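Protein chains in written order, with our numbering: chain Z, 1 to 314; chain A, 1001 to 1322.
Note that these hints are calculated values from the structure, not bench results.
In this text, all values refer to a predicted model and were calculated from it rather than measured experimentally.
A portion of the hints provided could be inaccurate.
Among the chain Z residues that face chain A by a calculated CB cut under 10 Å, a handful are [to be verified]:
id, residue
1, Val120
2, Ile144
3, Leu171
4, Ile216
5, Leu218
6, Phe252
7, Pro256
8, Ser292
Simulated coverage check for chain Z against chain A, where a stretch passes if three residues somewhere in it have a Cβ under 8 Å from a Cβ of chain A [claimed, not checked]:
id, segment
9, 128-137
10, 146-158
11, 269-280
Glycine residues also receive a C-beta, built at the ideal position from the N, C-alpha and C atoms.
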Amino acid sequence: MSGGSDSSLDSLQPLGTLELEPVESIPLGAKQRREWVQTISDAWRLRRTKVGSLVFLALFAIALFGRFVAPYEPTEFVAPPFSLPSSVAWLGTDFLGRDVLTRVLYGGLSVFVLGIAATVIGIVLGVSLGLVSGYARRWVDESIMRVLDVVLAFPSIVLAMLFVSILGPRLWLIVLMVGISHMPRIARVTRAATVELVARDFVKAAAAVGVPRRRILLYEVLPNISSPLLVEFGLRLTYSIIMIAALSFIGFGMQPPSADWGLMINENRIAITVQPWAVLAPVILIGALTVSTNLMADGLARAMMGIDRDTAVT
Amino acid sequence: MPPLLKLILIRLGLGLLTLFLVTVVVFIATQALPGDAARSILGKDSTDVARYEALRKELGLDRPVVEQYTSWLGSVVRGDFGNSLVGGGAKVTELLRSRVINSATLVFLAAVISIPISIVIGSLSAIWRDSKFDNIVNIGNLSLAALPEFVIGIVLVLVFATAVFNWLPSVSSVDSMSPLSGQMTLFVLPVVTLVLAVIPYVSRMLRASTVEVLESEYVMMARMKGLSESRVLWHHALPNAIVPTIQVIAINIAWLAGGIVTVEYLFGFPGIGSALVDSVANRDMPVVQALCVLIAAVYVVLNLLADILTILISPRLRTGLR
Chain Z
1 MSGGSDSSLD SLQPLGTLEL EPVESIPLGA KQRREWVQTI SDAWRLRRTK VGSLVFLALF
61 AIALFGRFVA PYEPTEFVAP PFSLPSSVAW LGTDFLGRDV LTRVLYGGLS VFVLGIAATV
121 IGIVLGVSLG LVSGYARRWV DESIMRVLDV VLAFPSIVLA MLFVSILGPR LWLIVLMVGI
181 SHMPRIARVT RAATVELVAR DFVKAAAAVG VPRRRILLYE VLPNISSPLL VEFGLRLTYS
241 IIMIAALSFI GFGMQPPSAD WGLMINENRI AITVQPWAVL APVILIGALT VSTNLMADGL
301 ARAMMGIDRD TAVT
Chain A
1001 MPPLLKLILI RLGLGLLTLF LVTVVVFIAT QALPGDAARS ILGKDSTDVA RYEALRKELG
1061 LDRPVVEQYT SWLGSVVRGD FGNSLVGGGA KVTELLRSRV INSATLVFLA AVISIPISIV
1121 IGSLSAIWRD SKFDNIVNIG NLSLAALPEF VIGIVLVLVF ATAVFNWLPS VSSVDSMSPL
1181 SGQMTLFVLP VVTLVLAVIP YVSRMLRAST VEVLESEYVM MARMKGLSES RVLWHHALPN
1241 AIVPTIQVIA INIAWLAGGI VTVEYLFGFP GIGSALVDSV ANRDMPVVQA LCVLIAAVYV
1301 VLNLLADILT ILISPRLRTG LR
């Protein structure tokens, strides 16, 4: 992590002392492009990646297409409140007498869309700051890292609530704050990888022939950190979904009467003893979703680090 | 100045800087953004301009932002967060005292229970690497780490407080008048939820660092000297494996301060987490400010302590080498 001057950049240095990298460690154009593809195909060999992806895709399909097979409208009253499962409502009804199955089928899309949006925002902000920080160094680096330390001091949910307190529970605000709360960790990962890459000969060569900084960062550095970023995306997606669902659960995310898994848990938990399905169905779906994204992220992380010894068991 | 002292002073300075910036963020978020406290006291539909202006003046919202910030920071440094905007306007510090104690007890219990369990699980799965135990722990940790705390909590409520066993109270309304020791059953489910949420992080970290230590040259050396395996573990490997875990433990305790928001809300536990949910819903800005500064300060202080502890106990840093 320590900075320090780079002696091999000194123009007066005698040629003999220049340390050259072994040729095979220099990424060639073709390898650069395929690095993340390689990580995915390595990850796919692990059972946990397959299980995670299949569950994720199944849940995504439910969230996306479930509404077309739902028996009722999400705001339609079909039976008395908290009715137990019957032939009218397969999973019973909620606190207002709406069909739980219908609301479960409608209520996943918001979790996916908001979760993915927050992750993308976090990645874009974090990667930009990390690249700049790792390439610029000195005071730019220091100040970016200090500001990120401040963001890190607030737990994500507290950060979101802090801004909700005055601006109100708006969806764009929730998504933005969850994205911002991912920023420090993504920036640190990007920065660490960038610092390492910038010291490499192929980046120095590009700088030496006068390639502008922005091009170096986007075309030389970024493709080479695609694998760690892919892993980071998986991890952050899990946390985004947790945060978005938690915020809906405590009443600052999706607002009634929308159908949303997090909100459903909160609305129906008063009658958990009477009609547990109204709570259990969204709880199981959220749990399965976050576990599946975490399994995928772990598969990618293992593939990137080259850990594959427990493929046989898991 | 000795390099060790200098290193610690630098960390202290950075910690203070972060704390200062935290107060700036909290202030901007609650007082400098559009939509102010006066409007939230009067309600959205109020059209009484004169009363609105008078209230703004009373709350000091008509002054320049920088002036508002410095006078606010001055009070905060003296431990004064002003008066609550709802419920008769009691002093914020008075309102929050018992809640801070409740939450601190909750976090303390969760930490005291989860850390030894994590250390045992983490080191055992490192020692029995790639065994059946290790693999079960790995998948278990991966799943637990992914589950939101409120999902874990609801499953616990379903199993232990309602449908299946009905042993424990599902709502933890602690009576602040009587001593906490008599109400321990109310703590069980919230504490277990938090313990289950913390274990994966600490035990995974401890596993990784134990694996690294077990493969190190000095452990090999200790084995070659003919020391018993248990002595190698307890005297050479584990003490060194715990050093990098200190940071993770500190971050996790601080993270508990955020995790308690959903858990306290779920169980109706009267702590700072549920207070934050209520105050945000009621737009009770002084309470929001106090709680956000408090939670962020806990994180900064714990991180600082972990940093200093790491500096003090790792020999390489102690000798001033970076």
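Going through the hints against the structure:
1. The interface hint given for Val120(Z) is violated, since its Cβ lies 20 Å from the closest Cβ of chain A, which is over the 10 Å cut-off.
2. Among the interface hints, the one on Ile144(Z) is violated; its C-beta lies about 13 Å from the nearest C-beta in chain A, farther than the 10 Å criterion.
3. With a least beta-carbon distance of about 16 Å to chain A, the hint placing Leu171(Z) at the interface is violated under the 10 Å criterion.
4. Of the supplied interface hints, the one on Ile216(Z) is violated, with its beta-carbon coming no nearer than about 28 Å to a beta-carbon of chain A, more than 10 Å.
5. Here the hint on Leu218(Z) is broken, as its CB sits about 30 Å from the closest CB of chain A, past 10 Å.
6. The beta carbon of Phe252(Z) is positioned within 10 Å of a beta carbon in chain A (closest approach about 7 Å), and the interface hint is therefore held.
7. Because the smallest distance between the Cβ of Pro256(Z) and any Cβ of chain A comes to about 14 Å, over 10 Å, the interface hint for this residue is violated.
8. The restraint placing Ser292(Z) at the interface with chain A holds, with a minimum CB-CB distance near 8 Å, inside the 10 Å limit.
9. Counting residues of the segment 128-137 of chain Z whose beta carbon lies closer than 8 Å to any beta carbon of chain A gives 0, which falls short of the minimum of three for the stated coverage.
10. Judged by the Cβ-Cβ criterion of 8 Å, the segment 146-158 of chain Z is covered by chain A as claimed, because 11 of its residues qualify and three suffice.
11. With 6 residues bearing a CB less than 8 Å from a CB of chain A, the segment 269-280 of chain Z meets the requirement of three and the coverage assertion stands.
Checked against the numbered hints above, the structure breaks hints 1, 2, 3, 4, 5, 7, 9 and satisfies the rest.
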